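Following the hints, put chain U in place on chain H, whose structure we already have.
Heads up: the sequence lines are chains H and U, in that order. Using the numbering used here, the first residue of the first sequence is number 48, and each one after it goes up by one. Using the numbering used here, the first residue of the second sequence is number 48, and each one after it goes up by one.
Wrong hints could be hidden among the right ones.
No distinction is drawn between identical chains; accordingly, a pair holds when it is met within one copy or between any pair of copies.
With a straight-line Cα cutoff of 25 Å, these simulated SDA-like cross-link-like pairs (lysine to any residue) come out [to be verified]:
(1) K145 with K192
(2) K192 with L319
(3) K192 with I321
(4) K220 with L94
(5) K100 with S293
(6) K100 with P392
(7) K220 with L95
(8) K100 with A264
(9) K100 with S215
(10) K100 with M84
(11) K100 with N218
(12) K100 with S272
(13) K100 with T271
(14) K145 with I304
(15) K100 with G211
(16) K309 with R242
(17) K100 with V268
Just so you know, the hints here were simulated from the structure itself, not pulled from any lab data. Since this is a predicted model, take the numbers as computed values, not measurements.
Protein chains: 2
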Amino acid sequence: MTITPLCPAPIMQHETVQMAHGAGGRLSQALMQRIFMPHLHNTFLDLLDDQAKLDLPPGRIAFTTDTYVVSPMFFPGGNIGELAINGTVNDLAVGGAKPLYLSAGFVLEEGLPLSELELIVKSMAEAARQAGVMIVTGDTKVVGKGQCDRIFINTSGIGIIREGVNLSCRNLKPGDSIILSGTVGDHGMAIMTSREGLSFQSRITSDCAALNSMIGAILDVAPTSIHAMRDPTRGGVAATLNELASSSSMGIAINEITIPVKPEVRGACELLGIDPLHVANEGKLVVAVAAEEAEKVLRTMHSSEHGRGAVIIGSVVNDHPGMVVMLTAFGSRRIIDLPLGEQLPRIC
Amino acid sequence: MTITPLCPAPIMQHETVQMAHGAGGRLSQALMQRIFMPHLHNTFLDLLDDQAKLDLPPGRIAFTTDTYVVSPMFFPGGNIGELAINGTVNDLAVGGAKPLYLSAGFVLEEGLPLSELELIVKSMAEAARQAGVMIVTGDTKVVGKGQCDRIFINTSGIGIIREGVNLSCRNLKPGDSIILSGTVGDHGMAIMTSREGLSFQSRITSDCAALNSMIGAILDVAPTSIHAMRDPTRGGVAATLNELASSSSMGIAINEITIPVKPEVRGACELLGIDPLHVANEGKLVVAVAAEEAEKVLRTMHSSEHGRGAVIIGSVVNDHPGMVVMLTAFGSRRIIDLPLGEQLPRIC
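Just chain H, same shape as in the assembly:
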């Protein structure tokens, strides 16, 4: 029997995402080959199986997921691709895990320019390299024009939890120092000011960064006296501190004048009537550590690129369990509550 080989289809003459790119046929293969694989290829992805098969080092694992829907997809200081890598790396790292493997699930809107998709994928590859993680499995769906807003990216991640480390937002102890790694509100305000109709003289850039290296360093110096870590993303430092306080049934007392806010971020927040403590960060860390080890942890953070501005902003107290109370710059006390509603939609 003689079979004439098929002539290769005129695969990638499109300049934008087509519905057919998500259909599991030839154009799906072409999208993989032209956009995804050149940047993301590795020994796992190259197999193109429906699942990655991984040999993990012994230990407990951490497993996390986040879908990124930030708008605009390119913003000062980053884009949705690197945010999707760094955010999930950070969610693993704050659990005391060394992040190892990530998945990437894309939802693309018909008509998205392939050149923009490629920039995003390239950023993901670069961010993964910098954080020392591999994207080992993925999925791409395409929906019609008007059925999603350009691109959504889910990343899930797996890491190995360091032995002897036991971090949880339930673990605060009375007297713990609360350390914040730097200025608040940079990411959220970068997104806000880059949206149509808003502009400020001084350009605010996102703090989007992977924190696993700094977190590894502080766990090296204080493996058991660090009780909890969180990256204060949606809801900002206010939401993070409230979660820590309520999960641990402890109070948290913070001091407003210690909280670093860049002048341009403060200005933008004032203009918009937003509390910087409620604004999302994507490269900041909140640490609860036994007071006697706080200085050591602080010094270690200061020697890390992403912790130069680290400060102690308060401590864990027996008073007002489940609540966060701030000594204001004016000397009064104010409850720092969770934001009720939505100030900054689609921030991450």
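Chain U only, in chain H's frame:
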């Protein structure tokens, strides 16, 4: 110092998803407490940490991800929630893994009725229970009206690969029998016929199902002679066979008259001009197994709920490497190619 406790916010008087449900504040908590936790709660999710901490049994792990964007979200035979569980369970199982833990990442459109969201979440809980997996970590984002189409769900999953099992789409061996677990095209045609403007007399229902139990059973009886498995979803059996053939650089020869198609599915396909081999399935399995073990595997499948209609549809050949050739009902031979484009958008 005296602090007046906050009065609880009037949390869940909404009947639809609000932007604030995704903001990380009080309404996000309320959504968790009212909709997600009652159905999904377990020892991992209850901790509300940013990552689940898991003790895995020893062995290699499988890791997979899929985002589900099916429209409509409720369809004959299932909904997007159970599809999101079963699809990811199946992607783990076809890699020879016992599925254990899943993540769930939601993107919700502002205005989605909470009652519909709850039905979906309930289905996910039920599907997870049936498949014997736990949803251990999650994330919810809300986007504005018109920025996504009601609901998208990403599930990622982790499973432990059975010792001694080595499945890959690269592993086909000449002479392998190709087994198909039942009728083709049910899921895709159920979606198509449930969309606006299309209706057929006989109601076609999706085959959406978790296959891990049946897959476990056939791996018990033929752990080393099963060389590859795939669930033929997007692109249908045609895409799956092509992937197997091209990844293994082997030919696949199939026989049209052996391929089971329900009459109502065949009728709908003819009406729409679609080849049933190109239509998505969500509860079917393609197995490549050494010919001498094929009957044993087939018998085992017949005794499973989801394999009663299993048949041998062809075999792996040395001819035409990378290509799938079908002996048609008329006695001619036809190349079964990947679909080039998009016949059935948003099928899964």
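> With identical chains treated as interchangeable, where does the CA-CA distance between K100 and P392 reach 25 Å or less: within a copy, between copies, both, or neither?
Replying inline: Neither way: K100 and P392 sit 37 Å apart in one copy and 30 Å across, limit 25 Å.
>> I want to check one pair: K100 and S293. Are their C-alpha atoms no more than 25 Å apart within a copy, between two copies, both, or neither?
In response: Between copies only: 20 Å across, 39 Å inside.
> When no copy is named, should K100 and T271 be tagged within, between, both, or neither for a Cα gap of at most 25 Å?
Replying inline: Cα proximity of K100 and T271: across copies only (17 Å, versus 32 Å in one copy).
> Given a CA cutoff of 25 Å, do K192 and L319 count as a within-copy pair, a between-copy pair, both, or neither?
Replying inline: between (32 Å within a copy, 23 Å between copies)
> Within a copy, between copies, both or neither: where do K309 and R242 come within 25 Å Cα-Cα?
Replying inline: within (20 Å within a copy, 52 Å between copies)
>> Cα distance capped at 25 Å. Does K145 pair with K192 within a copy, between copies, both, or neither?
In response: Classified as neither: same-chain Cα gap 39 Å, cross-chain 38 Å, threshold 25 Å.
>> Cα distance capped at 25 Å. Does K220 pair with L94 within a copy, between copies, both, or neither?
In response: between (47 Å within a copy, 17 Å between copies)
> Should K100 paired with V268 be assigned to within, between, both, or neither, using CA atoms and 25 Å as the limit?
Replying inline: Classified as between: cross-chain Cα gap 22 Å, same-chain 33 Å, threshold 25 Å.
> From the Cα coordinates, with 25 Å as the cut-off, is the pair K145 and I304 best called within, between, both, or neither?
Replying inline: neither (34 Å within a copy, 53 Å between copies)
> Under a CA distance limit of 25 Å, which applies to K192 and I321: within one copy, between copies, both, or neither?
Replying inline: between (33 Å within a copy, 23 Å between copies)
>> As a check of your reading, is K100 near N218 (CA-CA no more than 25 Å) within one copy, between copies, both or neither?
In response: Between copies only: 15 Å across, 34 Å inside.
>> My question is about K100 and A264: at a cut-off of 25 Å on alpha-carbon distance, are they close within one copy, between copies, both, or neither?
In response: So K100 and A264 pass the 25 Å test across copies only (21 Å; inside, 29 Å).
Comparing the model with each earlier hint shows violations of hints 1, 6, 14; every other hint is respected.
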